[in-house]
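Residue numbers (our numbering), protein chains in the order written: chain A, -14 to 308; chain B, -14 to 308.
Misleading hints may appear alongside valid ones.
The list makes no distinction among identical chains, and a pair is therefore deemed to hold if it is satisfied within one copy or across any two copies.
In silico DSSO-like cross-links for lysine-lysine, where the CA-CA straight-line distance does not exceed 30 angstroms [to be verified]:
1. 167 / 286
2. 170 / 286
3. 4 / 27
4. 167 / 8
Note that these hints are calculated values from the structure, not bench results.
Take a look at the letters that make up each chain.
Protein chains: 2
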Amino acid sequence: MKKTAVAHTNIALIKYWGKRDEKLILPANSSLSLTLDQFYTKTTVEWRTDLDADRFVLDGEELQDAKVTRFMEIIRKQFATQQYASIVSENHVPTAAGLASSASAFAALSAAATAALGYDLSNEELSKLARQGSGSASRSIYGDFAIWEKGALADGSDSFAHPLHSNLTKEIAMVVAVVSDKKKKVSSRVGMKSTVETSPFFTAWIERSAVDLEDMKRALSAGDFVKVGEIAERNAMRMHATTLGAEPPFTYFQPLSLEIMDIVREMRHNGIPAYFTMDAGPNVKVICLRKDEQQIQTRLKEIISQVYICHAGEGVKVVNEDE
Amino acid sequence: MKKTAVAHTNIALIKYWGKRDEKLILPANSSLSLTLDQFYTKTTVEWRTDLDADRFVLDGEELQDAKVTRFMEIIRKQFATQQYASIVSENHVPTAAGLASSASAFAALSAAATAALGYDLSNEELSKLARQGSGSASRSIYGDFAIWEKGALADGSDSFAHPLHSNLTKEIAMVVAVVSDKKKKVSSRVGMKSTVETSPFFTAWIERSAVDLEDMKRALSAGDFVKVGEIAERNAMRMHATTLGAEPPFTYFQPLSLEIMDIVREMRHNGIPAYFTMDAGPNVKVICLRKDEQQIQTRLKEIISQVYICHAGEGVKVVNEDE
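Extracted from the complex, chain A is given alone in its bound form (with noise of 0.2 angstroms):
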């Protein structure tokens, strides 16, 4: 059976950074995210009994990806299945750039592979699958906001994301401004376990961002956009910080990064309520209002080519009825 699936990316608001379990991929803390509509990942996969390993072609360039490898596994022990699979994606993502196209590449993956076999999940079920195969794939199974609960059980049947819903949805825009879509030099896994393993700071994040996560809910609850835009940029920060801890210490940060952050504080002074969020990666992303978007986009392409809009974007779907 052959099926294809569309997931967008995900830009958390609230990290994840450290994971409680590294083959389980459960993490350290709860994080939260706002799904995109511009940036996604169409995946079809194709179950076929002639083939004695999978295939997987993204971009219509046949790789070999451990990654990819390794999820596949665990979906034919999950699902008692001992084919083999074709997957061609089509990534609509800045690959690599920190615009965490893991995150839509596993959520589709997860959502394709479990519809060619022939199953219906919920988005629950979903949202757990995907995880395993990077973590913030469990976010990407929804639209608009989504939590990823940590959970507390060693087998990582209680974490998974679910919806949070916001009046904000229609009014916030995220101006992604993308310093670098090379390849990262320390990638998400790497600096995320260095952290966990060697920063003496990474206790602290993870009690604060507890903190910071249930005054985001509070914030997105009440609607209040600039209570939202202030937790988010001390929760990333706080998050970065970790990284300058580490031994031998590390950052995502580059010199455009700064500049762009200035530029962002600059015209919160001047009156626009704009804030900036950053990942394992240098580039920027400024949470803002929709009215507000064209300017701040405008501003940034003053120093940088490449800058997106986006608003909310949609969960997870299977596009297509192919067999």
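Mind docking chain B on chain A? Use the hints.
Relative to chain A, chain B alone:
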């Protein structure tokens, strides 16, 4: 009586960051520094019966400086004089550029003011006094390496610096890259206070800086330059991590600071033992061996105009006997 003293700046390898007493300038952690030969303050103090306020002239310009006024009050109280003084200072330091001009300033002022009153204070007494003008001034009493012990007493009587011997004194160099000589947006006093009050990482910073200090003392005693560099770099990055955790978050990093840090990492990758440290400002100080200093200066001059080579400098001294 009129006396002149000269004191040099120092750069901390284990940073002083956070006060336990704002008024007495008592630090939350002990720190360790290298006094530099290139940057100094020369100050002449004359106690006069014909003045009804202190007069302060810095680099030929008469100024009202709240920190100097406050410090002169401390001296009048401690040494039981009612007189006011004429203070004439020359600052051979790019002022307020994070090059610790206040360290050399208050060390020189302490020595000149007390000598002009007829006192011949011990280094320990001078260090304790200078500390009350600016914390890092306590270390500029000494040449070469110095440790400012935080002390435990509430009155500050055990919080002063002492010298530390190392065979590296004649081999070590610091290449100072002046990213900006503009006054900083967030002064070190304000940045420190905000960090102590709002950063969730402050407690871990204090705990780990004690470990870094012990490691550094061992590395200096052993003459292990690579360890000295590694410990200094990780300690500095941990200090800067705390500011990203503050509320609101802030950073002393500027785009050029990051570029210089990248260059240092690249040179290290190419076999030159070089490490960076940064204080509460955008300038980057490269810790290296004298044999590599020229090469490092040449490389940094490709992107920045003001690059100074410094060696270990001398402690404070009274330079003449005017009257």
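Residue 170 and residue 286: within-copy, between-copy, both or neither at 30 angstroms Cα: Classified as both: same-chain Cα gap 25 angstroms, cross-chain 26 angstroms, threshold 30 angstroms.
Residue 167 and residue 8: within-copy, between-copy, both or neither at 30 angstroms Cα: Cα proximity of residue 167 and residue 8: one copy only (27 angstroms, versus 50 angstroms across).
Residue 167 and residue 286: within-copy, between-copy, both or neither at 30 angstroms Cα: Both: 19 angstroms inside a copy, 27 angstroms across copies.
Homo-oligomer pair classification [residue 27, residue 4; C-alpha up to 30 angstroms]: within (27 angstroms within a copy, 55 angstroms between copies)
The structure shown violates none of the earlier numbered hints.
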